[in-house]
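2 protein chains.
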Amino acid sequence: MPTSDADRRDWRPIATVDTVILTLDEGSLKVLVHRRQRAPFAGAWALPGGYIRPGEDDSAEEAALRVLRTKAGLPNFYIEQLATYSGPARDPRGWSISVAFLALVPRDLLPDLAEDVSLAAVDGLPDLAFDHGRIVRDAVARLRGKGAYSSLPAALLPESFTLPELQRAYEIVLGDHIDASSFRRKVLDLDMIEETGEAQAGVSKRPAKLYRLTGAARTFNRTLGAA
Amino acid sequence: MPTSDADRRDWRPIATVDTVILTLDEGSLKVLVHRRQRAPFAGAWALPGGYIRPGEDDSAEEAALRVLRTKAGLPNFYIEQLATYSGPARDPRGWSISVAFLALVPRDLLPDLAEDVSLAAVDGLPDLAFDHGRIVRDAVARLRGKGAYSSLPAALLPESFTLPELQRAYEIVLGDHIDASSFRRKVLDLDMIEETGEAQAGVSKRPAKLYRLTGAARTFNRTLGAA
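Keeping their order, the protein sequence lines are chains A and B. Once you know that position 87 of the first sequence is 87 in the UniProt record's numbering, the rest is easy, because the numbers rise by one and skip nothing. Once you know that position 191 of the second sequence is 191 in the UniProt record's numbering, the rest is easy, because the numbers rise by one and skip nothing.
Rather than coming from a laboratory, the hints here were simulated on the basis of the structure. Hints may contain errors.
Taking lysine to aspartate or glutamate and the DMTMM-like style, the derived pairs with C-alpha atoms no more than 20 Å apart in a straight line are [stated by the list, open to error]: (1) LYS146(A) x GLU80(B); (2) LYS205(A) x ASP191(A); (3) LYS146(B) x ASP116(B); (4) LYS71(B) x GLU61(B); (5) LYS146(B) x GLU80(A); (6) LYS146(B) x GLU115(B).
Working from the sequences, and respecting the hints, build out all of it.
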């Protein structure tokens with residue numbers, strides 16, 4: 001007979017991780033989803049997720065990176081905790097707790113999506129399995145809440161970008177038009193970006209300068225999470 | 001024989017919650033700790049925490065509120081997720097996952113601390129059980145990071161307070177001296193506080209006006225969490 005909660009393994013919730021990969025694709029903010037092969041929700045779109053495997057994973061974060069590798073064929077990204085979701089009803093298999101992680105990934109780092117993997121626009125999301133729709137909404141709210149005051153939207157761009165591309169990333173993230181001249185002044189004043197010394201290749205007479213995030217902005221960018 | 005991860009109950013991590021109650025007491029930022037009765041870490045100070053009980057709790061948050069009631073005799077506070085801690089080494093009983101919650105509580109709402117409950121200054125914390133020292137440091141970093149730009153420090157005060165009391169709360173949270181006249185101007189400009197119409201009782205000739213948070217600031221205050 002069990003003598004304490006710790007021994008009552010049947011009292012333990014199911015413990016999983018879920019991952020929200022956000023990217024800019026064809027002018028929209030999109031989330032990476034995959035089609036579930038197995039019950040529950042077989043055939044439905046879902047965030048890449050899976051069980052934490054205590055024998056294999058050193059932390060929930062390691063479990064999330066393993067899931068991204070094995071279920072979506074992705075390399076190790078910089079991921080941060082979004083929030084943890086729990087309760088008796090969110091997974092039909094039983095009382096569950098899921099640690100959700102968030103990553104902002106440039107589209108060019110998601111080159112060959114596997115057959116059952118897709119990018120879905122976050123505005124007009126299809127029905128997702130479990131409470132994954134809510135998790136995506138929380139992730140987008142986090143990005144939109146922090147994006148206006150940080151260099152976060154630049155994390156969605158390739159390593160070098162033009163000023164109009166950066167402005168467009170902010171506009172897509174914030175869902176709002178931005179004045180070009182004040183935007184230019186602001187990002188340059190903040191020492192957020194620096195010239196790479198190169199110009200955009202393959203375009204006409206006046207190729208736009210290419211910029212990259214400064215080291216300081218890159219560090220600051222790692223404040224996607226809560227702490 | 002188990003057919004999937006879901007069936008392998010022995011694969012499931014231990015699932016717990018931990019709670020960080022921060023308050024202002026005798027001029028210091030303090031955290032509520034209790035002395036553990038049982039192994040592991042019997043006799044050590046720890047954050048109030050405990051197992052999630054799927055039969056009893058509707059969510060990790062509900063589990064945290066139950067723990068605060070039963071282990072620290074506290075009423076239901078407004079708590080928010082801080083972060084989730086996981087891994088094979090943080091709990092000697094096995095691979096564990098703990099959802100940590102944070103609350104900012106005025107000292108006058110913690111009137112009669114139980115015998116094995118104490119308030120410990122966050123600067124100069126005693127050794128705590130598990131990884132609870134790290135959890136407290138993360139909570140303080142969250143408060144200090146957000147405090148400068150929000151009305152959060154006021155959540156540590158009673159419902160009505162004087163301007164010097166509010167200034168002192170900011171100084172304690174931020175660990176820095178604040179200029180009185182610019183502070184006064186700023187908090188009044190921001191429509192963060194309003195006069196209650198009353199003055200501080202029991203003091204001499206020129207009693208200080210009492211203030212309270214405005215409704216807007218109260219709502220904004222609920223941004224302690226990540227989203």
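Each hint, compared with the structure:
no. : hint                  : in the structure
1   : LYS146(A) x GLU80(B)  : holds (18 Å)
2   : LYS205(A) x ASP191(A) : violated (28 Å)
3   : LYS146(B) x ASP116(B) : violated (31 Å)
4   : LYS71(B) x GLU61(B)   : holds (15 Å)
5   : LYS146(B) x GLU80(A)  : holds (18 Å)
6   : LYS146(B) x GLU115(B) : violated (33 Å)
When each numbered hint is compared with the structure, violations occur for hints 2, 3, 6.
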